[in-house]
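J.: Those sequence lines, one after another, are chains A and B. Residue numbers for the first sequence follow our numbering, beginning at 1 and rising by one. Residue numbers for the second sequence follow our numbering, beginning at 1001 and rising by one.
Keep in mind that the hints were calculated from the coordinates and are not lab data. Quick caveat: nothing in here was measured; it's all calculated off a predicted structure. The C-beta atom is built at its ideal place from N, Cα and C for all residues, glycine as well. Accuracy of the hints is not assured; some may be wrong.
Here are the computed distance ranges between Cβ atoms for each label pair [stated by the list, open to error]:
| hint | chain 1 | residue 1 | chain 2 | residue 2 | range |
| --- | --- | --- | --- | --- | --- |
| 1 | A | Pro48 | B | Gln1282 | 34 to 42 Å |
| 2 | A | Ala119 | B | Gly1094 | 30 to 38 Å |
| 3 | B | Cys1033 | A | Thr105 | 18 to 26 Å |
| 4 | B | Asp1051 | A | Thr105 | 20 to 28 Å |
| 5 | A | Lys86 | B | Gly1371 | 50 to 58 Å |
| 6 | A | Gln34 | B | Val1402 | 30 to 38 Å |
| 7 | B | Gln1282 | A | Lys120 | 49 to 57 Å |
| 8 | A | Leu49 | B | Pro1074 | 52 to 60 Å |
| 9 | B | Lys1065 | A | Glu110 | 39 to 47 Å |
| 10 | A | Thr58 | B | Gly1020 | 22 to 30 Å |
| 11 | B | Leu1060 | A | Glu110 | 28 to 36 Å |
| 12 | A | Glu87 | B | His1122 | 28 to 36 Å |
Keeping only pairs whose Cα atoms sit at most 25 Å apart, straight-line, the calculated DSS-like set for lysine-lysine is [stated by the list, open to error]:
| hint | chain 1 | residue 1 | chain 2 | residue 2 |
| --- | --- | --- | --- | --- |
| 13 | B | Lys1019 | A | Lys71 |
| 14 | A | Lys62 | A | Lys83 |
| 15 | B | Lys1065 | A | Lys62 |
Spelled out from the first residue to the last, the chains are:
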Amino acid sequence: MRKFMIIAGAAVFTVAAAHAPSGAFFAEEGADGQYEVLSPWAEVDPIPLRGISPRVETLAGKKIGLFANFKRAARPIQAAVEKRLKERFPDSETSLFDSRLPNVTETETENKDKFAAWAKEMDAVVAAVGD
Amino acid sequence: MLLANRGFVNDAHSAASGKGMPGVRVLGTSIACESTVAADIESGIDAVFDDIVAALTKPLTDEEKSPQIKTEKPPRIAFTGNYTEVNRFYYRKGWSDGLPITPPSPDAVAEMMQGTDLPANHVVAKIIPRMGKATIEKIAVNAVMAGALPTHMPVLVAAVEAITDAKTRFDTFEVSTGSWAPFLLINGPIRKEIHINCSSGALSPGNIANAAIGRALGLIVKNIGGARKGIEDMGTLGNPAKYTLVLGENEEESPWQPLHVDFGFSKKESTVTVFFPNRYAQTIPAQTNAQGVADSLAGMGPGSLSCLIVIPDHARILSSEGWSKKQVKDFIIKNAHSRNRRGGLLSDEDFIVVVAGGPGVWMGLLQSAGGFGNSFVTKKIEVPSNWDTLTGKYKNLVPSYVRY
């Protein structure tokens, strides 16, 4: 009887081994049913950070840039902003930069120099992206 | 300062941080995205105009003046727990896609990396918007989570190279409100070696390769690129194809040369071709002769960019009546009702024709958008030196269905 049980036990073990998935693909757990698992979240290389431009004390008498991207709502939004700026700060000046290339970073396009020159002339800038 | 629809404030902050300016002041408005309603715009600006003025005049904080670099070094081992605990931990961290994951243990990840000769720390690409480093190990972690096999690694490495190629305009499609999903078309011998389904129901669930490769890529985009749904990935309606959209061309049943050969690769090479559709449509031809099939393909209205999927039976009918693939494309260009996004007529570069699927009468269209300087991108799939051993290990991992 004992011999039979040993043989039977060995047979069960053999069958189980034959059906066990090979290798570690199936994320074998530890003997205590625990998994030690790796993070999927990527590392990033630190990039140089820049502060934002100093603010002006008032918009009165200032040159305010209005940047509109290619989306259809951007220019009407800037028109609405401009209208209110003129109402509240009549001596302010506005200048529209109309970006027509779809989904681009303006400073990475052929308009880079034009954009930089425009931005340099502004005391403050409002950007509208139409979304 | 930046004005954006209030649902895009997080997205704007993430984008600014990714460009090295985390302090950019962002103001959310109630104005509908791409609004064409003047009253909506006027009232939306009225509601925030005082805040606009404040954003331009309120003195800067120290952090806004001189933001500090936060060097993030996530621990390699993220968690220890049982299967359920691991799944709940990953879900709560925002690292899963809602379905259970395979725990990415060090052993499982090591086995996954047998699918490439590249070292674990090799950076395949940096993925926007977070510019996360897609190392071989991180790709493998996400692949294990998705249930992929080590034999899928070569496709994933090539797919990461492909989606991050500037010509795909991934920067537009990855996080767009349009909910575009990466479509991977696999060509060459690897299709058979890793059991990519090219035939019946190829775009339906049921095959590890088609399911897990696309799922892994989705996790890679999320966890390495940092494009999280509703935070950076601003797809308005979403797209079930973001779970997976992987197809092999049915080269064995096609009368024409496969797509990758059209693109200059050898038939013996394996490739992945990528673009980002958000529309999948199917139809049947009014007539099943060659003219009827061609009319229906043109009638599906492929725009720029599109993939027309022709089933083997229809391809054979076309071929037997003398239609080459080029003639089919020329006919479509001449007769399709759609125009491309640039406003011009379709051109040969605007769409591809591939043979896939099984018995039946349906034809398919996957459609993206052109006009962004985007194009199809094809990358060669490089297999590791142990390829025969590796594929041998998994060659019998296929479903077998009982007849009832």
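J.: For each hint, tell me whether it holds in the structure or not.
T.: Going down the list of hints, with the structure as the test:
The beta-carbon spacing between Pro48(A) and Gln1282(B), approximately 50 Å, falls outside the hinted interval of 34 to 42 Å. Here the CB-CB span from Ala119(A) to Gly1094(B) is close to 35 Å, well matched to the stated 30 to 38 Å. Between Cys1033(B) and Thr105(A) the beta carbon distance is about 20 Å. The supplied range of 18 to 26 Å therefore holds. Our hint of 20 to 28 Å for Asp1051(B) and Thr105(A) holds, since their Cβ atoms are close to 25 Å apart.
Checked against the hint of 50 to 58 Å, the C-beta distance between Lys86(A) and Gly1371(B) comes to roughly 35 Å, which is inconsistent with it. For the pair Gln34(A) and Val1402(B), the supplied restraint of 30 to 38 Å holds, since their beta-carbon distance comes to about 36 Å. Between Gln1282(B) and Lys120(A) the CB atoms are about 54 Å apart, so this pair conforms to the stated range of 49 to 57 Å. Against the hinted window of 52 to 60 Å, the Cβ-Cβ separation of Leu49(A) and Pro1074(B) comes to about 20 Å, which falls outside the hint.
Distance hint check for Lys1065(B) and Glu110(A): the Cβ-Cβ separation is about 32 Å, which falls outside the suggested range of 39 to 47 Å. In this structure the hint that Thr58(A) and Gly1020(B) lie 22 to 30 Å apart at CB holds, the actual value being about 29 Å. Taken as a hint, the range 28 to 36 Å holds for the pair Leu1060(B) and Glu110(A), whose Cβ atoms sit roughly 32 Å apart. For Glu87(A) and His1122(B), the Cβ-Cβ distance of about 58 Å falls outside the hinted range of 28 to 36 Å, so the restraint is violated.
Under the criterion of a C-alpha separation no larger than 25 Å, the hint pairing Lys1019(B) with Lys71(A) is consistent with the structure, at around 21 Å. Among the hinted pairs, Lys62(A) with Lys83(A) is consistent with the structure: their alpha-carbon atoms are about 15 Å apart, no more than 25 Å. Between Lys1065(B) and Lys62(A) the alpha-carbon distance is near 21 Å, which keeps this suggested pair within the 25 Å criterion.
Comparing the model with each numbered hint stated earlier shows that hints 1, 5, 8, 9 and 12 do not hold.
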